[in-house]
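Protein chains in written order, with this note's numbering: chain Y, 562 to 894; chain R, 562 to 894.
Don't take each hint at face value.
Copies of the same chain look alike in the list, so a pair counts if it fits in one copy or across any two.
In silico lysine-lysine, DSSO-like type, Cα no more than 30 Å apart, as pairs [what the hints assert, rightly or not]: (1) LYS818 / LYS796; (2) LYS575 / LYS888; (3) LYS796 / LYS824; (4) LYS714 / LYS777; (5) LYS839 / LYS824; (6) LYS609 / LYS744; (7) LYS575 / LYS824; (8) LYS796 / LYS864; (9) LYS755 / LYS777; (10) LYS714 / LYS755; (11) LYS714 / LYS609; (12) LYS777 / LYS761; (13) LYS864 / LYS827; (14) LYS638 / LYS827; (15) LYS714 / LYS606; (16) LYS827 / LYS714; (17) LYS678 / LYS610.
Simulated from the structure, these hints should not be mistaken for laboratory data.
Residues per chain are reported as follows:
Protein chains: 2
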Amino acid sequence: MKNFVRKLITNWRKLGLPFFDETIVIAVSGGADSVSLALALHELKQRKKLNLNFVIAHFNHDLRGIESEKDAQFVQKLAENLDFQFETETGNISTTGNLEENARLARYEFLAKIAQKTNAYGVFTAHTINDQAETFLMNLIRGSGLLGLSAMKPIAEFQSKELRVESQALRFQIIRPLLNITKREETENFCQEKGFEFRKDEMNADEKFFRVRVRKKLIPFLQEFNPKIIETLAKTTSLITLELQPLNTEFISERLKINDLQKLDKALFYNVLRAWLKHHRSDLRNVDLKHIEAIERLTHSRKSGRIVELPNAETVYKKQGYLYYEKTRVEKS
Amino acid sequence: MKNFVRKLITNWRKLGLPFFDETIVIAVSGGADSVSLALALHELKQRKKLNLNFVIAHFNHDLRGIESEKDAQFVQKLAENLDFQFETETGNISTTGNLEENARLARYEFLAKIAQKTNAYGVFTAHTINDQAETFLMNLIRGSGLLGLSAMKPIAEFQSKELRVESQALRFQIIRPLLNITKREETENFCQEKGFEFRKDEMNADEKFFRVRVRKKLIPFLQEFNPKIIETLAKTTSLITLELQPLNTEFISERLKINDLQKLDKALFYNVLRAWLKHHRSDLRNVDLKHIEAIERLTHSRKSGRIVELPNAETVYKKQGYLYYEKTRVEKS
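Just chain Y, same shape as in the assembly (with noise of 0.2 Å):
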């Protein structure tokens, strides 16, 4: 058994994820990244490692016309070479905005859909250790504070913001199998050992992506710092997450005494605040320093009634001596 293989089935134990009766889905883009997440589950099935059910989903974003297409078909030979399950869709994504955001949000709905429609233990993803480090890098160069210099986790859940199943939306778990143990260069060297082919994708190498910028130009230049810079930042994402771990969970319930609040340092007025934050959106995402400091402006001012607006229709407000979070649900038009 290849190091790569051996290595994810280890990480798959540690991670107490499923060995049989249930259905995987792998999220597959075409890239080395994905494609050698899907050689390696089917070889732990084909030696009788796993006993599961794989569906691939690839979303084609369409937004590179002909290479979009011809991802989509690469996926979808993969999948019969496999003999797993296929399920695409084609996506239409909103160009107003942040388009790698859009993009995103728009995936990720997909793989909700599929998740549910074929009632899924997780959506696999294939993040490396380098998604770990580029991730950190973005956050401090945009200066999104500590929360999103905390390390991506193996094991997350991403609510839908569109789907609802019985006006609940619709969650799912995220599973990076590889996200803390893998590099991308074993990526492409466990494809090519396999003998298979993998798809470039063009828009990786487009430099108005951010996070294109990050991974062609920024990490190449920190390795002349530091040839090992990936797996530093890897492990100082790591660290913080740690830090910001042991929370003062006590304080955290539906809303906030502005008395309490008050009487809190700045540290551990943080800490509750992103503790309570996260209780109430599930995750931080989005959340910057901008808006933890306007909740601390909010917390300490003397006028009532004010109102701190969060990203996605949320809102944070002041009433009657406490804090309470509000999300204005979106009804679909």
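Please arrange chain R on chain Y, whose structure you already have, making use of the hints.
Chain R alone, transformed into the frame defined by chain Y:
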């Protein structure tokens, strides 16, 4: 009063620094940062805002021949112009090991001597927001863990490794009154506005120094991603400091009980260890993640009598169920 001077006196008050009856040593290299600090303090003296005795201290690293000599002459003339006492010494920097670090240490030993000789309140250095951001990046690239990623403080303590008074190591306060309020370009502009020259430290342009490469190459590169990267990084390092602040100091004592340590989760263990090491060494300079991890292994290992070596002839060792810290005193030959 220029904005630069106004910001300085406001911060002076905020930091609780003295207004009269004290001697203040200003460390002046001749670069814009330190010249602007000396000029601003001189102006505050003229305006009778500060009634202090100022001493300009210049350490000649003697690493650049005639240019080093010209720097020293330039600073001496500056001191004469401002009617400040002038102290200087020409160093003999060891070129074995890290030249940059050796130069820094020699400079601080000189400053310790001058601070003692003049019975000074403290040594004032002209670190700016830029230094904060550069130090953060250097430590990030080195992978020095969260300790290294936390911010320089406006008031810190330096303990001499060489000089002793009545068998006590010589200590002095380092005060950085420009640290979180001024960018480097403001110091250059202020010198120009005052019609004063400053020296362009050639060493600052020598790219074999890590800091110089960070300053001249990496930061401009990052500015293409975020024009406010200096402020962003300075803010991030402050946030990390804040996060590391609420240490559980009840655990801190001369020795640490291993049974207690083993009960702590990883995050708390790291916090306790950091606080304990800080208690013993006064700062965490040169303590890396690898040292903390080694002490973690020592704590959890069943074997007795193992030792972890820290930089500067320090050790942490296990004895009869406790961790001990020891610094081997290096006698001068």
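Status of the hints after comparison with the structure:
1. LYS818 / LYS796: Intra 36 Å, inter 28 Å, cutoff 30 Å: inter-copy only.
2. LYS575 / LYS888: neither (36 Å within a copy, 40 Å between copies)
3. LYS796 / LYS824: For LYS796 and LYS824, only the inter-copy Cα distance (23 Å) is at most 30 Å; the intra-copy one is 34 Å.
4. LYS714 / LYS777: Close inside one copy (24 Å), not across copies (35 Å); limit 30 Å.
5. LYS839 / LYS824: both (21 Å within a copy, 27 Å between copies)
6. LYS609 / LYS744: within (26 Å within a copy, 62 Å between copies)
7. LYS575 / LYS824: between (41 Å within a copy, 22 Å between copies)
8. LYS796 / LYS864: between (43 Å within a copy, 28 Å between copies)
9. LYS755 / LYS777: Close inside one copy (26 Å), not across copies (44 Å); limit 30 Å.
10. LYS714 / LYS755: within (28 Å within a copy, 54 Å between copies)
11. LYS714 / LYS609: within (28 Å within a copy, 58 Å between copies)
12. LYS777 / LYS761: within (14 Å within a copy, 34 Å between copies)
13. LYS864 / LYS827: within (20 Å within a copy, 42 Å between copies)
14. LYS638 / LYS827: This pair counts as neither: shortest intra-copy Cα distance 55 Å, inter-copy 46 Å.
15. LYS714 / LYS606: Within one copy only: 25 Å inside a chain, 56 Å across chains, cut-off 30 Å.
16. LYS827 / LYS714: Answer is both: 26 Å inside a copy and 17 Å across each meet the 30 Å cutoff.
17. LYS678 / LYS610: within (26 Å within a copy, 75 Å between copies)
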